[in-house]
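If you want the building blocks of each chain, they are given just below.
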Amino acid sequence: MVILKTEALKKYYGKEPNVVKALDGVDLEVQEGEFVAVVGTSGSGKSTLLHMLGGLDKPTDGKVIVGGKDISGMTDEQLTIFRRRNVGFVFQSYNLVPILNVYENIVLPIELDGNTVDQDYVENIIETLGLSEKKNHLPNNLSGGQQQRVAIARALATKPSILLADEPTGNLDTKSSQDVLGVLKMTSTKFHQTIVMITHNEQIAQLADRIIRIEDGKIVTMEGWI
Amino acid sequence: MRNNNQAAIWKLSRQSFLANKSRNIFGIIAIVLTTVLITAVFTIGISLSDGMQEMMIRKYGRSTEVDFQYLTEDEAKAVAEHPLIEEYGLSRLITVITEGVFRQEQGEIHTADENFAKFTFSMPTTGQLPKEENEIALTSWILDVMNLPRELGKEVHLDFEVAGTPYSMDFVVSGFWDDDINLHPYGIMYISDILADKILEGVNPEETRLGKGYYGVTKMTANINGKLSQLEENVDTILADTGIDADMVGIVYNGAYHRGNMDSGIILAMALAIAIILVSGYLLIYNIFYISVMRDVRYYGLLKTVGTTQKQLMRIVNFQAFMLCIIAIPVGLIFGYLLGIVLIPVLLGFLNIDYMPAHPNLWIFLLGAALSLITVLISCHGPAKKAGKISPIEAVRYTVFAAVSPKKMKRGKKGARIYRMAWSNIFRSRKKASVVIASLSVGLVLFNIVYTVVGSFDINKFLQGYINGDFLIADTDYFNHVKPYVPSYTLNEDLLTDISKLEGVKNIARVYYGNGFTPVEGKIKDVLKEHLREELLADEPSLAEEEVEEIIEKNISDGYENKMVSQIYGFDSYWLDKLEENMLEGSFDREKFLSGKYILIGYDRDDMLQTGDMVTLSFYDKDGEKRTYEVMGKVDFRKLNSLSAHFITWPGFSAYLPSTEFEKLSNPDIMSATVIADEAAVGNLQKEIGMMLENNSEVDFRSRNNYIEELKSDNQKTALIGFTLCAVILLIGILNFVNTTITNIFSRKHELAMYESIGMTAGQSKKMLVLESLYYMVLTMFVFVTMGYGISYYSVNAVTKNSAAYTYRFSFAPFIICFPILILLACVLPINVYGSISKDTVVQRLREIE
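In order, the protein sequences belong to chains A and B. When you line the first sequence up against my numbering, it's residues 1 to 226, in that order. When you line the second sequence up against my numbering, it's residues 1001 to 1850, in that order.
If you are wondering where the hints come from, they were derived from the structure by calculation, not from laboratory data. Be aware that one or more of the hints could be misleading.
[Said to hold, decoys possible] Simulated restraints on C-beta separations:
# : chain 1 : residue 1 : chain 2 : residue 2 : range
1 : B       : GLY1763   : A       : SER132    : 28 to 38 angstroms
2 : B       : TRP1423   : A       : VAL20     : 34 to 44 angstroms
3 : B       : ALA1019   : A       : VAL20     : 26 to 36 angstroms
4 : A       : ASP76     : B       : LEU1366   : 51 to 61 angstroms
[As the list claims (entries may be wrong)] Chain A is nowhere near these chain B residues, computed Cβ spacing over 12 angstroms in every case:
#  : residue
5  : GLN1069
6  : GLU1108
7  : GLY1250
8  : ILE1251
9  : GLY1382
10 : ILE1467
11 : GLU1561
12 : ASP1572
13 : LEU1576
14 : MET1760
15 : LEU1846
From the three backbone atoms N, C-alpha and C, an ideal C-beta is built for every residue, glycine too.
From just these sequences and the hints, can you work out the full model?
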């Protein structure tokens, strides 16, 4: 089942004659439960693509369909709500809320939505990601790898349709990187979670089910396409 | 090691300065406000001090430092030529008139040269000083009492006597000037020297001053070269050099130049006001720079990484502060001075001081500028030090967003409700939060104090010092609080009977007054002796103890005729409640008191009489009627001021009798009569009593409404000044809040974008920010309600404790006035600021720092 789909997705920045075509007609389909890696050089448009998929930014043209819903026409408010229900983000810089402890950070999106927390599920995530000991810690007392694991847990907490990871290991050393990637891979299999991950590291990309290469705003090849 | 890096530091400072536009705007406003307040307070204080001196000079009737009252012409010449005399004016006393129109306020005929008239404010404002033999210049009110129009050329007839020779002369008015009869209750008239020479022919001033008639003596009023503090020494030198007997010539110094006490009061008030201003200014400027340094922490860290020393970093921050001062302080000085100028007339009018235009005093500006600069530098010191101490490694890693309290753990599984996140957020920088709350609180607490003082003004309590019923009728002199009242027998029963027949008059309550005498014996004698001893020893310290004793005994038996004066009041029964209310000692028994066998003691400084003592009184009229009373107790005479003669005699005491008893002892002089009327009839009675007394020059009246009107306007003036200064301080607090809120939201731009990326809607973000602001207000409210009310309670009580016009009155009004405004601000401001930072897309905002 296709959970994520783009049709002729375009994102242009600036005005003539200085138009930058960050995305220039991207067609992409991601199956439910698939772990996709997007690779490309700096400025290739991979981050822009991720932002479009997650509804952080609006396309200039084309469609983004998540779980059957076209999000390209939504207002900011609708997008924000859409994000917290359907998309989990993992950023390079963790982006944890410094004043909240680990647990509170994880359940923040759920509570922002005004829902009650599915305790068992959240506990399950926390345990799976090895954060049980750290539940009451504040983020700045955790190592980079631990912080990123909290970010992943937060992204998973709402049972999102897709999890988008933007260079999740960019700030981490080799050991922590492997640790975080292991967690992502495990998430993909254990929770059958759809994941789109951006990286510029080919080696890391190899862990994914499929690698999409993007250059100058266009998809170049699709490896491992089933 | 000297290192020529000035240029580099200057360049960096300039760049940082220019890069911080919004900080600069807030900084400038903050410094301007602080300077405005300081300058305004100085302007008011200094002008007030000058104004008071000016008022004192007016009161003393001359601007010169010293008077030589009774000189002969030769002596005057000698003194005038003395090098220590800077400038002088001369006048000769011809005579004094106490008859005719001058029966109440005596008239004095003098000659005067231009200087004398100028120094004593008696230069004719219309016309000129007399030149011809038949000309006269005089104080304008003399024309009024003579029923002459205030016009030049009018004929004035005077009968007077000089050294035994009577004169009856007609003069032509050559000039006149205005003078306040209450300040100077005597009428000055100037005649020409030609006439004076004729009249004084054969009169020897040297003899007349021995005979104390003083005809023809020369009065010199002069300014002395040299410092005011050495005035007396200088005058002594002049007297010694000219060989003039100081006792003979009657030296009088101008009291307006002795004003130590008055000034210290003003200085204290100014110091207090300025301390408060400095504190609130400090809180604001400190916070502005603290926030600015925290925002630029990476920049300073970077500078340090590339080799800027701690000292240099501090200089960079201080330099920026200095730049702000250069712009802000002059502006503040000008506005502060203008504010001061606007407020002074109000204040001086309120204190009944003639308004003197305040001169731009260099000191005001120097002090204002210096204090502002010092405040800014002190405020900057902390933040500058912080900038200097930044560790380069940490600084580069630091984002404002990571600046969190050093707490490691945070219990709680309740998750992250918006309101709880907001609460945590305000404590991310405790310093910032407490400074803002303190800053807001200072303004509010001050506002509350001023409001409470104004609100605690108790008209009824205050009026009790002046009037108890609706109208107070008494001798004209009685209303002149400067002069002691002496029994005048002008207010008679016929008049009161007429008034009592007017419609609406419910009651007329009289107070009788007279000087009684009581035999000097026992404690009374001891006190009198002690008093006489002090007087005697002050005059002649060399007397031996036996001599002193002898003189005193003689004095008591001969001078005092073995009796002491006491002020005796006779109260109508209407006032008995008032006596009972104000008992200090003993218990009041109405029936016993009315029996006439008892007396109540008021003023008795030396405790000569105790409850239970017997006092014998006589007025030496009614055929020497003498009666003895038992002291029933003591009454707080201060509370009965409105029923008193407005002065006390010492040694001596005052006492109260029922009027029935008073009449038996003395021929009753009705000092005052208070009319108690129906409320509805008051307006009408005001007119009717006014008409009744219109042609009666001896008796006057005041109504309660007169006093109330006067008081209300006075109270409004205090309020105006207080509220103006408070408003500015409150503004400083609000500015602190605004600055903190704006910089806070701007510095969290990235953080807020991150919230949005994980699903916090703009509405939720706004809600969180508004809640943060509201929490600030709630905390301020808490401080205000606990400390604020406590402080106002104590300070208002301290200020008003000894004042007869205040009763502490708790009021929620300041709370109700201020907080809706603050809460509105707390709601509107964050939403607006958020609007301006959320214009960019989430992605752009997220990228900004990365």
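Ascending list of hint numbers which this structure does not respect: The structure breaks hints 14 and 15; every other hint is satisfied.
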